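**Student:** These are the residues of each chain, in order.
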Amino acid sequence: MRNNSGGMSEQHQAELAKWVHDARKPLNRISMQAELVKMALAGDIPVEKATEALDKIIVSTKDCSALLTDMVTAMTDIDRE
Amino acid sequence: MLTVLLVDDDPEFTEVACTIIEFLGHEVLTAADLSEARDWLTKESFDHILLDFMLPDGSGVHLFEELDALAKRPKVTLITGHPSVRGIIKGLCGPNIDYLVKPIQREDIEATLSGKKAPAAEKTKGVKKYFGHLIGESAPMRELYKLIERVSRTSANVMLLGESGAGKEVVAAAIHEASESEGPYIATNCGAFSKELIGSELFGHEKGAFTGAVGKKEGVFEQAEGGTLFLDEITEMPIDMQPNLLRVLENKVVIRVGGTKTIPVNCRVVSATNRRMEEIAQSKVLREDIYFRLAVFPITIPPLRNRKEDIPLLATHFIDEFNRDNDTRFTWESSQLDTLTAYDWPGNVRELRHFVHRAAIMSDPDKPAIELPKTIESPFAQKQSTTPALEAGRTIEDVEKELIYATLEKVNGNKTLAADMLGISTKTLYNRLHAYGDLSKDDA
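Top line first, the protein sequences correspond to chains A and B.
Residue numbering for the first sequence follows my numbering, beginning at 1 and increasing consecutively.
Residue numbering for the second sequence follows my numbering, beginning at 1 and increasing consecutively.
This is chain A alone, in the form it adopts within the complex:
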């Protein structure tokens, strides 16, 4: 494994960038669903949509959390190699 002056290997950095990219997906979903809730509260869309959106937000937070757990496992595996 080749080390940069920064201390983190290139493989490490590439792997981390991939995980961060994946983590932005649920975050983006949360942001957009929150916008739906705002619209529902403002009466722009039916209010039931807000409940659906909030449920989806909760799912996304769990996705994001699971992803972070997977990331820690994967990064530890690289360290062990």
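Careful, some of the hints might be misleading.
What the hints assert, rightly or not - Cross-link-like lysine-lysine pairs, in silico, DSSO-like; alpha carbons within 27 Å at most:
hint, chain 1, residue 1, chain 2, residue 2
1, A, K56, B, K367
2, A, K38, B, K374
3, A, K38, B, K367
Unchecked claim - Label pairs and their calculated CB-CB ranges:
hint, chain 1, residue 1, chain 2, residue 2, range
4, B, E409, A, L54, 33 to 39 Å
5, B, T341, A, T69, 46 to 52 Å
6, A, H21, B, L24, 25 to 31 Å
7, B, E409, A, H21, 42 to 48 Å
8, A, Q13, B, I361, 26 to 32 Å
9, A, Q11, B, S164, 53 to 59 Å
In case anyone wonders, no lab produced these hints; they're calculated from the structure.
Values in this document were obtained by computation on a predicted structure and should not be read as measured data.
C-beta atoms are modelled at their ideal positions from N, C-alpha and C, and glycine is treated no differently.
Starting from the known structure of chain A, fit chain B onto it as the hints suggest.
**Tutor:** Using the frame of chain A, we list chain B on its own:
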């Protein structure tokens, strides 16, 4: 109404984005990857494409060539997960491309589809600068432009009077610009030099004139030959150096410190002070004979609070300046400009400029929104506003009320903290507020 193509591989995101885009009154079609997008491009014509940077079958950038080949090239906004991608794309596709950085908000979509950002950028370019330096369309500024224009046609010395931060140096540069003189514009601050050094700064010195004078040096009068010499804080110049200055102004020659040769000088002297004219006369900081030499044409620069209608123009110019230097795209909302206009700006344009830059630094560089601090205040502002408050003729009750409100404002309305600072019990504070009839508003 626009026809929009949204290309993104996350179905949940596209679904919500479609709801929002349709709500904004546009028609929207979606594609999950490049091949679907290509398919749509052959069937439909689009006004705007929102394109994910990373798609399952390649990067959104690969679509660019096809878009160039279209009869009507749609506007493209790239959606990226990482702010740093922006720099790379800019290198690939030039600066005329819009980005959205995930996570995306409704207002991001709204702004990009309405093209609000683009006209805002054009508008900032349109902030007109008079004489290459001055901004403002208000009546006091128009009066100032008239004076500058008149004086620029003569070679008269100008004295600029105005509060600190009102823009004296900028006006001096504007006068130089308007004069179209061949020589340079040289600025120096008379308050910044010790008694020993000011002579050398103004008139220059010969080699060996004093300890440390290893070479000869031209003074600012010589440097500004044929141009404009700006002497800032003229009233801070040591009074015993003033006869030397007077001699130069009268005879139009300088003798370098330690020298004997007279050197002819020819420049317009623009001097400046933040003291008022009556104060200059009374306090004897400037000799009368010098005053009349320098203030052949006195110009008073209006404080910012007397030309509030210029505040939005100035704020727009300053944020534009910041955007240019930092590669950001901040824009003001009209309510924010109203907030800025409502404030009195005791530190004048300089305070406004610092405030705008500080707000921009504190804001998210990837969003166009600027976060304004809750209150606008500076230590200088407080000093200025409290001084006139303690004038004879006011009642104790009146002053007490003002103090209570000032303290509450300082601690963001926290009554326990405010009572503590005022040295009274919370109960007394509540009683006072109750008496002012203000309690129901905050704490019912």
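**Student:** Using the beta carbons of Q11/A and S164/B, state whether their distance is inside 53 to 59 Å or not.
**Tutor:** The hinted range 53 to 59 Å holds for Q11/A and S164/B, with Cβ atoms some 58 Å apart.
**Student:** Could you check the hint for me, namely that E409/B and H21/A are 42 to 48 Å apart, CB to CB?
**Tutor:** holds, 45 Å
**Student:** Taken at face value, is the distance from the CA of K367/B to the CA of K38/A at most 27 Å?
**Tutor:** holds, 20 Å
**Student:** Need the status of pair K38/A, K374/B: alpha-carbon distance at most 27 Å?
**Tutor:** Roughly 24 Å separates the two Cα atoms, so the pair holds.
**Student:** Go ahead and decide if the range 46 to 52 Å is satisfied by the Cβ distance of T341/B to T69/A.
**Tutor:** holds, 51 Å
**Student:** So the hint says 25 to 31 Å: do the beta-carbon atoms of H21/A and L24/B match that?
**Tutor:** holds, 28 Å
**Student:** For the pair Q13/A and I361/B, does the Cβ-Cβ distance stay inside 26 to 32 Å?
**Tutor:** holds, 28 Å
**Student:** CA of K56/A to CA of K367/B, is that 27 Å or under?
**Tutor:** holds, 25 Å
**Student:** Is 33 to 39 Å right for how far apart the beta carbons of E409/B and L54/A are?
**Tutor:** holds, 37 Å
Hint violations for this structure: none, all hints satisfied.
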